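Chains as they are written, first to last, in this note's numbering: chain F, 64 to 578; chain R, 36 to 395; chain A, 138 to 438; chain V, -11 to 302.
A hint or two may mislead.
As the list claims (entries may be wrong) - According to the in silico footprint, chain R covers these stretches of chain F (three or more CB under 8 angstroms from chain R):
{"hint": "1", "region": "415 to 422"}
{"hint": "2", "region": "431 to 441"}
{"hint": "3", "region": "560 to 572"}
Said to hold, decoys possible - Derived DMTMM-like pairs: lysine to aspartate or glutamate, alpha-carbon spacing no greater than 20 angstroms straight-line:
{"hint": "4", "chain 1": "A", "residue 1": "LYS337", "chain 2": "V", "residue 2": "ASP107"}
{"hint": "5", "chain 1": "A", "residue 1": "LYS337", "chain 2": "V", "residue 2": "ASP121"}
{"hint": "6", "chain 1": "R", "residue 1": "LYS85", "chain 2": "A", "residue 2": "ASP351"}
{"hint": "7", "chain 1": "A", "residue 1": "LYS335", "chain 2": "V", "residue 2": "ASP107"}
{"hint": "8", "chain 1": "A", "residue 1": "LYS213", "chain 2": "R", "residue 2": "GLU220"}
{"hint": "9", "chain 1": "A", "residue 1": "LYS164", "chain 2": "V", "residue 2": "ASP107"}
{"hint": "10", "chain 1": "A", "residue 1": "LYS213", "chain 2": "R", "residue 2": "GLU215"}
{"hint": "11", "chain 1": "F", "residue 1": "LYS435", "chain 2": "F", "residue 2": "ASP451"}
{"hint": "12", "chain 1": "A", "residue 1": "LYS435", "chain 2": "V", "residue 2": "ASP(-9)"}
{"hint": "13", "chain 1": "A", "residue 1": "LYS213", "chain 2": "R", "residue 2": "ASP219"}
{"hint": "14", "chain 1": "A", "residue 1": "LYS164", "chain 2": "V", "residue 2": "ASP121"}
{"hint": "15", "chain 1": "A", "residue 1": "LYS293", "chain 2": "V", "residue 2": "ASP127"}
{"hint": "16", "chain 1": "A", "residue 1": "LYS213", "chain 2": "R", "residue 2": "ASP228"}
{"hint": "17", "chain 1": "R", "residue 1": "LYS225", "chain 2": "A", "residue 2": "GLU217"}
{"hint": "18", "chain 1": "A", "residue 1": "LYS161", "chain 2": "V", "residue 2": "ASP107"}
{"hint": "19", "chain 1": "A", "residue 1": "LYS335", "chain 2": "A", "residue 2": "ASP351"}
The set of hints was computed from the structure by calculation and includes no laboratory data. Everything numeric in this text was worked out from a predicted model, so none of it was measured. Heads up, the beta-carbon is just placed ideally off N, CA and C, and yes, glycines get one too.
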Amino acid sequence: MALPAKDAPVLLRLDGITKRFGALTANDGVYLDLRQGEILALLGENGAGKTTLMNILFGHYVADEGSVLVSRDGGELAQLEPGSPHAALDAGIGMVHQHFTLAENLSVLDNILLGTEKLSALKSARAPARRKLADLMTRSGLTVGLDMRVSQLSVGEKQRVEILKALYRNARVLVLDEPTAVLTPQESDTLFAILKKLAAAGLGIVFISHKLAEVMAASHRIAVLRGGAKVADLPTSQCDQRQLAELMVGHEVSETVRGAGAPGDTLFVLTGVSAGESRESIRDVNLELRSGEILGIAGVSGNGQTMLARVISGLETPVAGSMRLGDRALTHANARTMIDAGLARIPEDRHRDGIVGAMTVSENLAIEAIRKPESQRFGLLRFAAMRDKAKAMIDAYDIRCQGEDSPARLLSGGNIQKIVLARTLEGEPKVVLAAQPSRGLDVGATSEVYRRLLDARARGAGVLLISEDLDELMRLSDRIAVIHRGHLSAAEPTETLDRGTLGLRMAGHTMEAAE
Amino acid sequence: MIRFEPRGPVAVSRMIGVSVTAALAALILAAIPMLFAGLSVFDAYGLMIKGAWGSMFAFTEMLTRAAPLILTGLAAAVAFRAKLWNIGAEGQLYAGALAAVAVGTGLISGPSFVLVPAVILAGALAGGLVMLVPTLLKTRLGVDEVVTTLLLNFVILLFVQMMLEGPMQDPMGMGWPQSEPILDEAALPKLMDRMRIHWGLVIALAASLGVYFLLKRTVWGFEIRAVGENAAAARHAGIPVTATFVRVGLLSGALAGLAGVGEVAGLKGYLTADLSPGFGYSGIVVAMLAGLSPIGVVFAALFIASIFVGADSMSRATGVSNYLADLIVAISLLCVLVSGLFLRFRIRLATSSPAQETAK
Amino acid sequence: ADPIKVAAIYTVPVEQQWVSRIDKALKAAQERGDITYTFSENVANTDYERVMREYAEQGMDLVVGEAFAVERAARKVAAEYPETAFLMGSSFGPAQPNFAVFDNWIHEPSYLSGMIAGATTKSNIIGMVGGYAIPEVNRLMNAFMEGATSVNPDVKFLVTFINSWYDPPKAKESAFAMIDKGADILYAERFGVSDAAKEKGILAIGNVIDTSDDYPGTILSSALWHMEPTVDRAIDAVVSEEFEPADYGPYSFMSYGGGSFIVDESLAPADAVEAAKAKEAEINDGLFRVNVNDSEPKSTM
Amino acid sequence: MSDILEIFMSASFWAAAIRIATPLIFGVIGALICERAGVLNLGIEGIFTAGAMAGWMAVWLGAGLWGGVLVAALTGGFFGLIHAVLTVPLGLSQHVSGIGVTLFATSLSYFIYRTALPDVASPPRIEAFQPLDIPVLSDLPFLGPALFQQTPLTFLALFLVAATAYVLYRTPLGLAIQAVGDNPAAVESQGLSVYGLRIGAIVAGSAIMALGGAFLTMSAFDAFFFGMVNGRGWICIALTVFASWRPGKALLGALLFGAFDAFQVRLQTEVGSFIPGQMFLMMPYILSIAALIVVARRTDYPRALLVPYFKGQR
Ligand SMILES: Nc1ncnc2c1ncn2[C@@H]1O[C@H](COP(=O)(O)OP(=O)(O)OP(=O)(O)O)[C@@H](O)[C@H]1O
Ligand SMILES: Nc1ncnc2c1ncn2[C@@H]1O[C@H](COP(=O)(O)OP(=O)(O)OP(=O)(O)O)[C@@H](O)[C@H]1O
Ligand SMILES: [Mg+2]
Ligand SMILES: [Mg+2]
């Protein structure tokens, strides 16, 4: 990959940034340079302070110490007004946030125009904006329907809108916080192709990712944060994946390997299940899960995985078809009955569906078992018992928190996932539904998730793994089925599949054509 | 630019400090209209304190006014805990009062120990059922409950008027739209001779302990809190969201209904369409002042009642328009609201220079 | 003698027609130096008893008010403060030892204004807008209707209650609706009705207070209430320490000057005025009694 | 039956419907602007009262009618500012702050009115707005009396509906307001001020609400009364949801409400002897609830409604 010239001018400098949240130091004296035409990858565990650092750069947060310097129009570096996104935008910094910052009730065009025009203007100048965007889209390859309502876009499309927003404002520095966390492999590839094109045209780009492979493939330089401090800053050419993983977590990381499985009897069966009405529906889905196997479901997001997971979680009742676990019919079950039947569910959106942020870690660990005798007697809660159990789980699952009584909202994504794992896997469920279980998690947390899922499989549970990450699917699954536009293909042994085939099927090429 | 940082647990000294500051701010702001009306501020405050706490009569009057506020405050607090926005305590209060009157004026007869519980139960049930309508509309059809509960207030008040001019009108009432008086056996007993203070206060205090216990110690309370903080996650974890909303709705309505029972069976003896000077709406204020804490509700209600009764009495003693009382209540409310913020957040004035930032 | 201390408790603001008459009479007594006067207005039902007690505790000699919605409580408080005289608006009778009652017994002038209206209407449709259908309102409306039909059997009435003591815009809308239905005279029990009449150029009948200056050329006739006879008698009784729990209601009758009847002679037919004046004399002489009918009046169209 | 048809055929019925709707139009447009920016404003009932009192008093003191309108708007804006400060940067509960503002605005208005005018036997009157006589238009058969014989404030209300729709959908400001009610982070990441937009919208919305109050004392009537707002503000909160936060539907909702009210007043004189009056009075509320049930499924809420936004907080 072509490197930017060594003497390319520095566009941006973070100068000794320190940021504290109460007792916690999220950024600890971080120095970082970004040159014109350079793609810099920022790595680090969950909670290492990556997002915080970028938020300071963009003015969402004010640093406790240190400053941000930008060169305006290629000139001298000058200090950027802290705490002002407005100033950052003016200085040519564009940011694509970890959580999208789009107004869903507006069109794509209006989202892009937002904030670019004088608020006192009597009319939004949409026509010239359209022309400029048409030009931008052809040059960058970021195409998206300008008149679509954002609420109707897929995640990948939303991502493009976010980048277009920055480009439309003539950004010279582009920051992307985990841009590929929710993208399919193909979408990720497209994105990086675009980023390279933009870098070649002179932009400085910083992106955050947990996926080492793509970091290696797409960046010129890699900076690693650990515990808020920068622990490495190297040209990509001098790095390898193992070394990076160690830098991030501070110790050696072992590869997760799937041993040979011993699939047993059929456990969990979906027959002709249809649910939902919109484009996020599923149609006539058949699925058989055996004990002691991991069945992977691959698919581009928005093809019905969410609905499938909701049906299996007992949140949505199918309009047709049936669902059975062993001899037990579960077609009309709700979440409660699913849990009681021995079905563990790991939700794809762990912040929304996984935890009650305002409640304590211990309460979140007990929430699925709150009506069980272990948590209550005559309707009265048994606090001591709940606490003891929470302490045991915190130890067993290595949940990093300030004690079982701290609010769950303060935990990092990886630790929130551990809470969910702990409470769902605790009762040795027969079936585990894991939807996007490693999304947004760092290397350490991810390997922990993998280990737990493999343990469940070894114990004889059937695991249904819904994921968009092909590496993950290939590594964990015994068989893989592909979901496209609400239809689920027949599962095939992983050994008979390869990335290319799966990618094509996910993109909608028919099974026959692929064979 | 102001910034807020959430605080951890608050020290008692700080709590007291903030409360005192809020009270002082309220006193200073309330002095403005007093001066405008030509009052001597110190005398006025003296009279206010005397009017609410200065004699057994004043004190019991204050408690009498606090009793319905505690109940409507609890009604709001418990509903808001589950993020069920019940703005309809006023209507539920009237429904409770109407039911109490229906049962307590001769529908059934018997000794006190039968009639009093019957009246209480009827009122609670009526209030609960009224709240069930918006709750079911919300859970089944997704209709916004802020609006439905608000609108039902008007419907119920009109219904009460209709009943008071129709089937439930007192035949001995000379045509006035009022109900028959509640039988003596059905009335809540007085707590003291010659004073108006009645068992409604005891019911209110018991209710606040009950709700505290429910929320803190029981599975239902756990479910209410979980649904209120994150309904989606609660649902995913197998908590019956709909059933929880229905329970909360019934409970909230029942508490407001009890307020109506107290006013009609403990205080007035019969029902008129102007039974409540907005207790239902004030309940929301009480609940929020209390930070939705059931025990806090008691103190918030005492506070609001003291301010009102004291200021009302002061306006009478000084001959100033008694609208001043409502005004002082409103000012105190706003001050206390703002002060609550200083307890929950650390407030920093962020300036553009990082150097200054660190200097702090 | 020192002026005696008088307090009044109103459940509505003092502008309301009804209490404004009490307020006016008490203010006049204060002007004369007979009393010192203080009042609380817009007192909620729940608070009424406390306010009564507070005034009694303050050593008021006379407390004036309306007991309508708080009969029982008011009577109980009065009994506990025998030193204070209470003069309360009430639909019931007086009570020992110190609870006297009054009411706005102006059905007589209402009857007379009805006679004028009945004779003046051309469309034979009269609209009536009231607040609530309570006896105090019903009896005046019924007397008015009786007066009108006595001179014009063909006259028809439209009756609406707006279920509020104060909502002039709403009263006005009700009045407009009646004008649409052909009413050419409106009985203005509430504020807002005369405004509609004025705007549409028809006539209105005033009630309780004289608003003819506010609506020149619109107010055809009015039945007025005067509280001075009632209040002054009560004050005299208190001063001379002879206060009795009596029914002061009759002091609102025309013969005592508690009610009066006025007519704008430029708007009414001369013979109608003459007939009404004749009836007025009969009433004052005790030769004619206007019926008291407290039932809710209904539209007759 | 024919009587009922006759009601709908009469121009004065439609004129009444528009007249009754006017304060609601101001109120619902004001509430809509606040809620579009993500803030529920239950201060509306008090702001109506304050607008009614302040506007009237200004005229009574000699400010002239349009001066009164301006004073009412400024008063509304003032109370809106209080609500805005409490709910936006301070992030307090929007319900409570709103009810607090209602208490404050109402009691302050009453107190000022009573303290300024302690000795009024009957409420003092002003020379209120009169229905316009627009050449040609007002003389049209049926349409003239139904639509064009209204006071200037009614036309101002209609103009505000159109202006609000235009601003909301066509101008950068409107887009920003819509965005801040949906996702404040979107606004902040584009360099706009969440607080500024929200505070501005609440102040502007409240100023418009206050005009609804001013209409009551300066157009519908010519004096100020205690309790004269009588729940009209609350109705506007319901109408806003009914209208799915769209100005056009808001106008429609207010007009429907006005028409129903005008209708029930007329119907009451027809059948009042058989059915208790309260039944009629209940109808608008019950119908509003029914309408909400119908639209509930289809509305898309401003997603950030009721959610305070704290900069840089998790
Ligand atoms: N507003 C805040 N208040 C308190 N603590 C915060 C806040 N924002 C971040 N933190 C804490 O600061 C630390 C760094 O968080 P940050 O979001 O920067 O991590 P990250 O490296 O982006 O992690 P991830 O990979 O999960 O996105 C975490 O421990 C987090 O809990
Ligand atoms: N994420 C959410 N946010 C707000 N309200 C919600 C949410 N999820 C559910 N609700 C409310 O809860 C109502 C009830 O949901 P639902 O009936 O699906 O619950 P449930 O768990 O199936 O309950 P039950 O088992 O008692 O039937 C919904 O109509 C909605 O009003
Ligand atoms: Mg992050
Ligand atoms: Mg269900």
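Now the hints, each set against the structure:
Evaluation of the coverage hint for the region 415 to 422 of chain F: fulfilled, as 8 residues show C-beta separations to chain R shorter than 8 angstroms, against a requirement of three. For the region 431 to 441 of chain F, the stated coverage by chain R holds: 5 residues have a C-beta nearer than 8 angstroms to a C-beta of that chain, and at least 3 were required. Against chain R, the region 560 to 572 of chain F contributes 0 residues with a C-beta closer than 8 angstroms to a partner C-beta. That does not satisfy the three-residue criterion, and the hint is violated. For the proposed pair LYS337 (chain A) and ASP107 (chain V), the alpha carbon gap of about 31 angstroms is over 20 angstroms, so the pair is violated.
Taking the CA atoms of LYS337 (chain A) and ASP121 (chain V), the gap is about 15 angstroms. The hint holds against a cut of 20 angstroms. Between the alpha carbons of LYS85 (chain R) and ASP351 (chain A) the distance comes to roughly 45 angstroms, so the proposed pair goes past 20 angstroms and is violated. Distance restraint check for LYS335 (chain A) and ASP107 (chain V): the Cα-Cα separation of roughly 26 angstroms exceeds the 20 angstroms cut-off, and the hinted pair is therefore not satisfied. For the hint linking LYS213 (chain A) to GLU220 (chain R), the alpha-carbon distance of about 19 angstroms falls within 20 angstroms, and the restraint holds.
At most 20 angstroms may separate the alpha-carbon atoms for a hinted pair to count; LYS164 (chain A) and ASP107 (chain V) meet this at roughly 10 angstroms. Taking the CA atoms of LYS213 (chain A) and GLU215 (chain R), the gap is about 17 angstroms. The hint holds against a cut of 20 angstroms. The straight-line distance between the Cα atoms of LYS435 (chain F) and ASP451 (chain F) is roughly 15 angstroms, inside the 20 angstroms bound, and the hint therefore holds. Among the hinted pairs, LYS435 (chain A) with ASP(-9) (chain V) is consistent with the structure: their alpha-carbon atoms are about 18 angstroms apart, no more than 20 angstroms.
Proposed proximity of LYS213 (chain A) and ASP219 (chain R) is supported: the alpha carbons are some 15 angstroms apart, at most 20 angstroms. Between the alpha carbons of LYS164 (chain A) and ASP121 (chain V) the distance comes to roughly 44 angstroms, so the proposed pair goes past 20 angstroms and is violated. Our distance criterion of 20 angstroms between C-alpha atoms is broken by LYS293 (chain A) and ASP127 (chain V), whose separation comes to about 32 angstroms. With a C-alpha separation of about 13 angstroms, the suggested pairing of LYS213 (chain A) with ASP228 (chain R) holds against the 20 angstroms cut-off.
The straight-line distance between the Cα atoms of LYS225 (chain R) and GLU217 (chain A) is roughly 17 angstroms, inside the 20 angstroms bound, and the hint therefore holds. Taken as a hint, the LYS161 (chain A) and ASP107 (chain V) pair is honoured in the structure, with Cα atoms around 9 angstroms apart against an allowance of 20 angstroms. Distance hint between LYS335 (chain A) and ASP351 (chain A) is fulfilled; the C-alpha atoms sit about 10 angstroms from each other, no more than 20 angstroms.
Going through the hint list in order, the structure does not satisfy hints 3, 4, 6, 7, 14 and 15.
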